[in-house]
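Chemist: Let the hints inform the model, and build the full structure from the sequences given.
Protein chains: 2
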Amino acid sequence: MLKIVGFGSGAKDNMTLEASAAISSAQLIVGYNTYVDILKQYFPDKEYYSTNMMQEKERCQYAIDMANEGRDVVLVCSGDSGVYGMASLVYELADEGTDIKVISGVTAANSGAACLGAPLSHDFAVISLSDCMTPWELIKKRIRAMAESDMVMCIYNPSSRRRAGYLKEACDIVMEVQPADTVCGYVRNIGRDNETAGVLTLKELADFKADMFTTVYIGNSHTKIINGKMVTPRGYKVV
Amino acid sequence: MLKIVGFGSGAKDNMTLEASAAISSAQLIVGYNTYVDILKQYFPDKEYYSTNMMQEKERCQYAIDMANEGRDVVLVCSGDSGVYGMASLVYELADEGTDIKVISGVTAANSGAACLGAPLSHDFAVISLSDCMTPWELIKKRIRAMAESDMVMCIYNPSSRRRAGYLKEACDIVMEVQPADTVCGYVRNIGRDNETAGVLTLKELADFKADMFTTVYIGNSHTKIINGKMVTPRGYKVV
Numbered sequence: 001m002l003k004i005v006g007f008g009s010g011a012k013d014n015m016t017l018e019a020s021a022a023i024s025s026a027q028l029i030v031g032y033n034t035y036v037d038i039l040k041q042y043f044p045d046k047e048y049y050s051t052n053m054m055q056e057k058e059r060c061q062y063a064i065d066m067a068n069e070g071r072d073v074v075l076v077c078s079g080d081s082g083v084y085g086m087a088s089l090v091y092e093l094a095d096e097g098t099d100i101k102v103i104s105g106v107t108a109a110n111s112g113a114a115c116l117g118a119p120l121s122h123d124f125a126v127i128s129l130s131d132c133m134t135p136w137e138l139i140k141k142r143i144r145a146m147a148e149s150d151m152v153m154c155i156y157n158p159s160s161r162r163r164a165g166y167l168k169e170a171c172d173i174v175m176e177v178q179p180a181d182t183v184c185g186y187v188r189n190i191g192r193d194n195e196t197a198g199v200l201t202l203k204e205l206a207d208f209k210a211d212m213f214t215t216v217y218i219g220n221s222h223t224k225i226i227n228g229k230m231v232t233p234r235g236y237k238v239v
Numbered sequence: 001m002l003k004i005v006g007f008g009s010g011a012k013d014n015m016t017l018e019a020s021a022a023i024s025s026a027q028l029i030v031g032y033n034t035y036v037d038i039l040k041q042y043f044p045d046k047e048y049y050s051t052n053m054m055q056e057k058e059r060c061q062y063a064i065d066m067a068n069e070g071r072d073v074v075l076v077c078s079g080d081s082g083v084y085g086m087a088s089l090v091y092e093l094a095d096e097g098t099d100i101k102v103i104s105g106v107t108a109a110n111s112g113a114a115c116l117g118a119p120l121s122h123d124f125a126v127i128s129l130s131d132c133m134t135p136w137e138l139i140k141k142r143i144r145a146m147a148e149s150d151m152v153m154c155i156y157n158p159s160s161r162r163r164a165g166y167l168k169e170a171c172d173i174v175m176e177v178q179p180a181d182t183v184c185g186y187v188r189n190i191g192r193d194n195e196t197a198g199v200l201t202l203k204e205l206a207d208f209k210a211d212m213f214t215t216v217y218i219g220n221s222h223t224k225i226i227n228g229k230m231v232t233p234r235g236y237k238v239v
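Chains A and B supply the protein sequences, listed in that same order.
First residue of the first sequence? That's 1 in the UniProt record's numbering, and the numbers climb one at a time after it.
First residue of the second sequence? That's 1 in the UniProt record's numbering, and the numbers climb one at a time after it.
Derived from the structure by calculation, the hints contain no laboratory data.
It is possible that some hints are incorrect.
Chain copies aren't distinguished; within one or between two, either way the pair holds.
Unchecked claim - Within a straight-line C-alpha distance of at most 25 Å, the following computed PhoX-like cross-link-like pairs (lysine-lysine) qualify:
no., residue 1, residue 2
1, 101, 224
2, 224, 57
3, 12, 101
4, 209, 224
5, 57, 40
Here the structure is a predicted model, which means the values were calculated and not measured.
Modeler: Right under this line is the structure:
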């Protein structure tokens, strides 16, 4: 049996009961180095197999092979394993005979939103700025479409050394449609000891130095600041 | 202190450790009748205050008042309290002096996705078809924008007695842009004993009888069926 488990933000508390039970009963836990290091704090006496970034395919294949040999394997991802996680890759690699179960978790969009207030209380989109596996032109098209239809956006992977200017470019696209003082927010290191969060304008976000541990939120025309929190109302009709 | 807690799908297992701890240590649990009935199974010896649908404002105000009187109050929502939940309404009603903490949970988009396979493994949007508090014209505009930018969509509240034709109308809009055999999926009663899920085409979805306990997924041009599961690949670039 192969369980693909999202363990949430990284704070043990943000894990679901099911994720926690699956990890603690597994015979083998497979994952990316950084994630495995987090889990070793909570589940020290387990067997782990970890690999570096960019070795996703090899790691998933190993988890599949071990499950096919009859072991109880958990493949771990941060957040939800179905959101930019390993679940789809496992389905693509495995054959019909592999027994697979996806265990959902809290993705960064939601754990980060809780830090900021309630930015995602109405229709929203989750978009990654990573162009490793998606053409940048398509990403920009999606950002424009979301802005034009007044969707709140949650942006994953807003920046990296190679993609330093991408967040600015994304904000500039949104500013062609939405005002520069649109309410935005960021959360860095969600659920970790050094978690920080802040509310800022779209214009400020364009020049904000995000890193790969930052999740970014762009509000819509209804998003406002209430007592320092970023809040999108549940409804737009005046009742 | 007022904690606004999303308890996930309704299966106890889908709750985070933090949500479970907050509920079990609360002095008062406030929520919608149906949700309170679910929680009473897991936490029978607690004080509950529940009201009917459409009484959200009164319920949130009661929770705020009790917290302001010094009680440890938990306001519960299914899924994530920040996604079409009560978190934003509480921020709108409370004043600066109320101590508020949002505790994130697994929203139906993610718990349902795990039942279907991995439909949300790339950029996606969450959109509600309920026009109680949002103009239907805006909802349709958003659906068109999602389809035109090839975003996977997760649809909440796809149908109700009054809105029987809305899902069909939404699918018809998508079919103006995407082929009729686009891979779609539904999950009904996520996390409950009578949970059902299925994969179908966009054309079939247009005539599907969804109810208010159903969450619907519309794939993008890359979404495919693998061994009966709905899977959107993590990347679209051929590596």
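Chemist: Let me make sure I understand: some of the numbered hints might not hold for this structure. Which ones are they, in numerical order?
Modeler: As far as the earlier hints go, not one is violated by this structure.
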